[in-house]
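Using the sequences and the hints, build the whole thing.
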Amino acid sequence: MIVIDGPDGSGKSTLVEYIKKNSSLKLVKPFYPKQDQLSYYLHSPAHYAPFYLERYYTSELVYPQFKEGRDQMQPWHQYLIEAGLMPFAPVILYVRPEKETILENIHVRGDDYVKLEEIDQMLYFYDEVMENTYLPVFTYNYKENNLDTILQLVENVHRERQEKALKLQKFMSSGNYYEEGCVMFVGDMPSNYSIGKGFIRAFISNTGSSEYFHRCLFDAGVYPTKQMPYFTNWNKCEGNDVLNMKALDEELLIVKPRTVIFLGDTIHKKAEMGFSIPHPAYIKRFKQAGYKEYIQGLKEKME
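In terms of the numbering used here, the sequence shown opens at residue 467 and continues consecutively.
Keep in mind the hints are simulated off the structure, nothing from the lab. Keep in mind that a hint or two might mislead.
Distance condition first, Cα-Cα at most 25 Å in a straight line; then the derived DSS-like pairs of lysine-lysine [as the list claims (entries may be wrong)]:
| # | residue 1 | residue 2 |
| --- | --- | --- |
| 1 | Lys-765 | Lys-692 |
| 2 | Lys-735 | Lys-765 |
| 3 | Lys-712 | Lys-735 |
| 4 | Lys-533 | Lys-478 |
| 5 | Lys-722 | Lys-692 |
| 6 | Lys-478 | Lys-492 |
| 7 | Lys-636 | Lys-712 |
| 8 | Lys-735 | Lys-722 |
| 9 | Lys-630 | Lys-692 |
| 10 | Lys-630 | Lys-753 |
| 11 | Lys-492 | Lys-533 |
Pair by pair, the computed Cβ-Cβ distance ranges are [stated by the list, open to error]:
| # | residue 1 | residue 2 | range |
| --- | --- | --- | --- |
| 12 | Glu-564 | Arg-536 | 39 to 49 Å |
| 13 | Val-708 | His-513 | 30 to 40 Å |
| 14 | Asn-622 | Lys-722 | 15 to 25 Å |
Built from N, CA and C at the ideal position, the CB exists for glycine as well.
Next comes the structure, spelled out in structure tokens:
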């Protein structure tokens with residue numbers, strides 16, 4: 467998955483036409499929802515994985531900040547979406563010339579969707595999303611950069627990440643697929659609220675404890691300043707704890723985390739390793755008064 471995005475007037479349309487004619491990877495223009503964006507961007511990646519995408523979730527983090535008529539996602543939703551995208555080897559091609567070039571292009575096109583007084587906001591929010599993303603970003607300015615060189619770099623990184631992602635595909639996990647030394651979180655059973663009832667990706671849901679846990683990580687300062695964690699579940703083998711431990715050991719060899727944190731004491735005792743913290747569902751339902759202590763505990767375990 468290679469996401470092409472950037473401000474209005476940045477030259478995306480010209481780039482898109484070039485890719486259609488010259489790249490071996492096909493290009494599609496995804497559906498662009500105005501409501502229920504989080505649910506859509508968590509459910510849709512498998513459909514778009516093999517392609518260049520003309521805009522995607524990154525635009526949805528920008529325009530609702532200053533344009534009316536679209537639901538605005540929460541700040542931590544960017545990282546929840548990106549955790550779900552990681553298994554698909556995503557890369558961002560950020561089309562971003564200078565402001566003067568964008569103003570000139572908008573004037574020539576006669577495009578009035580983004581008003582002149584909104585240009586600075588548009589650029590600020592786009593740059594902020596790209597600065598905070600966990601996905602690799604290649605910035606392209608058509609007045610300064612060689613297009614063929616940029617495309618070759620982008621596609622090479624995409625292929626390299628695909629090789630690592632294929633090794634982890636069978637574990638139905640999410641999050642940090644590509645960097646060693648991260649924190650691995652291990653839940654028990656996939657939630658019925660998760661995508662595919664949790665058996666497609668661990669900790670990926672637009673509701674329930676999965677969404678809540680990503681909020682916790684944001685409030686604990688993990689997002690966007692520290693490594694994204696790797697998320698998986700213990701019970702992959704129909705309640706057979708011997709096989710579950712074997713699967714976890716295999717994941718550990720590939721991911722090479724610095725710390726393993728289990729959500730709840732039950733699976734922590736079964737695995738006999740790492741640390742444990744209360745499950746976010748328990749905090750959400752019964753211990754909201756202890757939310758600050760839970761966040762502090764997360765900070766300490768993540769050090």
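These are the hints, each one checked on the structure:
1. Lys-765 / Lys-692: holds, 11 Å
2. Lys-735 / Lys-765: Given that 25 Å is the threshold and the Cα spacing comes to 22 Å, the pair holds.
3. Lys-712 / Lys-735: Roughly 15 Å between the alpha carbons, so the hint for Lys-712 and Lys-735 holds.
4. Lys-533 / Lys-478: With a Cα-Cα distance of about 20 Å, the restraint between Lys-533 and Lys-478 holds, given a limit of 25 Å.
5. Lys-722 / Lys-692: Holds: Lys-722 and Lys-692 sit about 17 Å apart, inside 25 Å.
6. Lys-478 / Lys-492: holds, 16 Å
7. Lys-636 / Lys-712: holds, 13 Å
8. Lys-735 / Lys-722: holds, 21 Å
9. Lys-630 / Lys-692: Roughly 21 Å between the alpha carbons, so the hint for Lys-630 and Lys-692 holds.
10. Lys-630 / Lys-753: This hinted pair is violated, its Cα atoms lying about 38 Å apart.
11. Lys-492 / Lys-533: Judged against 25 Å, a Cα distance of about 31 Å means the pair is violated.
12. Glu-564 / Arg-536: 39 to 49 Å: Check failed, 27 Å falls outside 39 to 49 Å.
13. Val-708 / His-513: 30 to 40 Å: Once the Cβ atoms are compared, 36 Å apart, the range 30 to 40 Å for His-513 and Val-708 holds.
14. Asn-622 / Lys-722: 15 to 25 Å: Cβ of Asn-622 to Cβ of Lys-722: about 23 Å, so the range 15 to 25 Å holds.
Of the numbered hints listed earlier, those contradicted by the structure are 10, 11 and 12.
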